[in-house]
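Engineer: First to last, the protein sequences are chains A, B and C. Once you know that position 118 of the first sequence is 118 in this note's numbering, the rest is easy, because the numbers rise by one and skip nothing. Once you know that position 152 of the second sequence is 435 in this note's numbering, the rest is easy, because the numbers rise by one and skip nothing. Once you know that position 108 of the third sequence is 681 in this note's numbering, the rest is easy, because the numbers rise by one and skip nothing.
The hints are simulated quantities; they were obtained by calculation from the structure and are not laboratory data. Computed from a predicted model, the values in this text were never measured in an experiment. Any given hint might turn out to be false.
Under the rule of at most 20 Å between Cα atoms (straight-line distance), these lysine to aspartate or glutamate pairs were calculated in the EDC-like manner [stated by the list, open to error]: (1) C:674 - A:249; (2) C:724 - A:132; (3) A:175 - C:732; (4) C:674 - A:132; (5) A:176 - C:732.
Partner residues aside, some chain B positions facing chain A, computed with beta carbon under 8 Å [what the hints assert, rightly or not]: (6) 403; (7) 447; (8) 509; (9) 515.
The beta-carbon is built from N, C-alpha and C at its ideal position, and this holds for glycine as well.
Below, each chain spelled out in residue letters.
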Amino acid sequence: MSQKFGWNWLGVVPFLAFALLFLMLPTMNIVIGAFRTPGGGFTLANVQGLFSPRIMSSFILSIQISAASALLGCLIGFAIAAAMVHGGLPKWLRGPITTFSGVASNFAGVPLAFAFIATLGRVGLVTMLLRDWFGINIYAMGFNLLSFWGLTLTYLFFQIPLMVLIITPALDGLKKEWREAAEVLGASGWQYWRMVALPVLFPSLLGTFALLFANSFGAIATAYALTGSTLSIVPIMLYAQIRGDVLQDPHLGYAMAFGMIVVTGAANLVYIILRTRAERWMR
Amino acid sequence: MSFLLSTLRRRLSLKRLQRRGGPRPKSGNGFRRFWSWTALIVGGLYFFLPLIGTLEFSLRMRRGEYSLDAYRSVLEDPRFQQTLGYSVIMALATIVVGILIVVPTAYWVRLRLPRWRPVIEFITLLPLVIPAIVVVFGYIRLFNTSSFLPMTGTTMGTNILLMFGYVMLALPYTYRAVDTGLSTIDVRSLTEAAQSLGASWVTIIGRLILPNVFGAVMSGAFLSFAIVIGEFTMASLLNRPAFGPYMQILGANRAYEPAALAVIAFAITWACMGLLSLVTRITRVGRAGK
Amino acid sequence: MSFLELQNLEKSFGDTRVVKDFNLNVAKGEFISLLGPSGCGKTTVLRMVAGFEAPTSGRISVDGKDITRLRANQRNVGMVFQSYALFPNLTVAQNVGFGLKVAGVPKSERNPRIADMLALIGLPDLGDRYPWQLSGGQQQRVALARALAPKPQMLLLDEPLSALDAKVRVSLRNQIREIQQQLGITTIFVTHDQEEAMAISDRIVVMHQGVADQIAAPQDIYNRPSTEFVAGFVGTLNRLTADVLDPETGHIRIGGSEITLGQPLPAGRVTLSARPEAFRLAATGIAAQVTKVEFLGALISVAAQIDDTPVSFVLFNGGDDPVPEPGSRIHLQIAPSRLLIKQAA
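Extracted from the complex, chain A is given alone in its bound form:
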């Protein structure tokens, strides 16, 4: 038996080699680089450099945008999925909504930025229609696509469908009998959601939030194509740093990348901790 086990691991060697070479070693290289002097010695100076006002503010902006788009994505996506699964909508709508969600969640990057420029940019369709038909000039009112809310609004285009795709199976997992049992015990619809459905869904909701957060935190293409480098979110600064060393300190780049891993890692750690607490009732 042990002899047999001794060779079985060989079957996953190609996969492990791939993961090591193209995922883990490169990441480790960055993490180690963040704590190294150009000469190869250990230092905390790079990480300290992260706390300069310029880099700090970019991290804060990135975290704000990611949290806002993840939170709104979760809320709206949940509303749509709940409407689709439990809201008494006709059954045939499900197929089209799911397929569309698959498309929209993958329609990220450069073309998404183009689409929003063409819609909500200064001469975009919706901007023009609002101005010409309703007399509302959203740009005069302070809206700007190249801003926090503009970027959040754009990110929602892939965040909401991603939420719909992930949460729909979880909603399907809510048994009809739970609702009926709650109802027959005298619970209102709201009481059922608060005491049964939401607690049951909580781990999935939390996991999706963490995923959506990481998803927008690491996104560059959309923001870059939308704003160029006017909006200094972390990934865009790192991108510029890698391309042309705009920070005049190559090792600050390592530190920024390390900071990104710390943020997404922390988001997932919080998720894992909350999940274990929320899942006491699970196997």
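Once you have looked at the hints, place chains B and C on chain A.
Structural biologist: Positioned in the frame of chain A, the structure of chains B and C alone reads:
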């Protein structure tokens, strides 16, 4: 459109209620349905307006009338053809290599190393947590010309590096798709039955396992395609002439062509997802038919 | 006066009439079973009583009050589901206390009631467990406690035993009946298992294609089935075709044998329906050949053929008659009083 439908539907149900001579006990139903339609319509507006806006914008190139000039301009651009061709080839290579890495691993883990599953699954989910820009930054440092594996030193080497990067990006989706596909068949019994008939490993994986998870593999393949075809960060930082960076450069320099490009990109994504759901449906029907 | 009244209840889904002109009066404290094959409408009747389905027409009243239009959460009924339907995120105690909590009962009153309920179902120490830590039988008992905790005016059981093992099924059904009698709660029990219905009901409603074929006590359902369907669905029924040779004395020919039933019969061809216990072995009578003998403990089930018609009957283990061997030829007498006779087409 859908609002009209909903009012119509509510009218109809009202008629039915009148015939029954009273409201149904679940009067919360109408309320719930109202909010459902509201959520759907608001969502629908948010998702369709940008698409309509882009389409409209892409037709505006000629002053005063709608035309396909922007599309003509894009399609005639030799760089469009070159970069799209490059990305298509990269996508196909990514799919092939991805299948070669993922299918045997998922199969082997299910067959012989069930205790390793959490570890392997954890690794496959890492790309969702580690931002792609960090990984590609690592590539540039790790595989530079003076390293143990100087992949960025040659064009071919960089292409291969980019391809592996794409396999890594698509890993969470492909692995999950294939693993789900494998869960629907009894891997162990099938393998033992084939072995008892004297089949070789190549035969077992190629003739037995692959056809059974074909739908799942194709799902993973179309997803990979959709991810790779417009990918920007990795291709841009590795300086490869891919479709994503081309779109970005065009967007920075032109007005109407980007909208046309966005429409084309959306159509490509749609085609991928359409094929994906078609394949899942066909394989599901085939399985139900057995 | 009856406690629960269902009057002219009708339910259609689209063009399908699932329940047709259903009438039932249930006395306070009575245990009624709705028995029938799947798709006969029994669950729909229960769901209409619970308030999950609205009747297409008809009236439901409890204790003289019309509740037809009341929503499920206003009806104060307890319900137990086939799939247990315990809330997985709540402990056993929290599950049992759910109905009290949503009704705003303070914790100080809730806890003793929960403890009482857990004692009632015989699981006093499992309050802190989660549903997945319990066996199926335990889960269903908790579901019963949850349904009973808010002191409902009625208990509705929707195939509560179908998901359980045979042994648990029998013990739990006895426990359900005990608790029901102890509390004196009016109960409707939906099942497709005739043995279950027979064992615990005061009365049984046999349903068939949306219609109540017969509403009667278990013995009457079995001994005096009012329709062919009831006779066939409840218990085993042997069907024999006979030629009436003398209508006045009831002299008939079955297969190659002739017997006299001693009661007047219609002339021509008749169908005789008989329960297994209507037959007994005798020296003379209808000739048959034994095909199979099954030892069931106290009883022995014998399958035989009269010409080409299969019949089955039972013998007491250790009775006077020797147990026939498979393949042997025997003679059977029929008790005329246990026969259902119908003119054959």
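Engineer: The structure should be examined with respect to each hint, and the outcome stated for every one.
Structural biologist: Each hint, compared with the structure:
Taking the CA atoms of residue 674 of chain C and residue 249 of chain A, the gap is near 62 Å; set against the 20 Å cutoff, the hint is violated. Between residue 724 of chain C and residue 132 of chain A the CA atoms are separated by roughly 64 Å; this puts the pair beyond 20 Å, and the hint is violated. Our distance criterion of 20 Å between C-alpha atoms is met by residue 175 of chain A and residue 732 of chain C, whose separation comes to about 17 Å. About 55 Å separates the Cα atoms of residue 674 of chain C and residue 132 of chain A, which puts this hinted pair outside 20 Å; it is violated.
Of the supplied pair hints, the one linking residue 176 of chain A and residue 732 of chain C holds, its CA atoms being roughly 16 Å apart against a limit of 20 Å. For residue 403 of chain B, the interface hint holds, since its Cβ comes within 8 Å of a Cβ in chain A; the closest pair sits about 7 Å apart. With a least beta-carbon distance of about 5 Å to chain A, the hint placing residue 447 of chain B at the interface is held under the 8 Å criterion. The criterion of a C-beta within 8 Å of any C-beta in chain A is met by residue 509 of chain B, whose closest approach is roughly 4 Å, and the hint holds.
With a cut of 8 Å, the hint placing residue 515 of chain B at the interface with chain A holds, because the nearest CB-to-CB distance is about 4 Å.
Hint check: violations occur at hints 1, 2 and 4; the rest are consistent with the structure.
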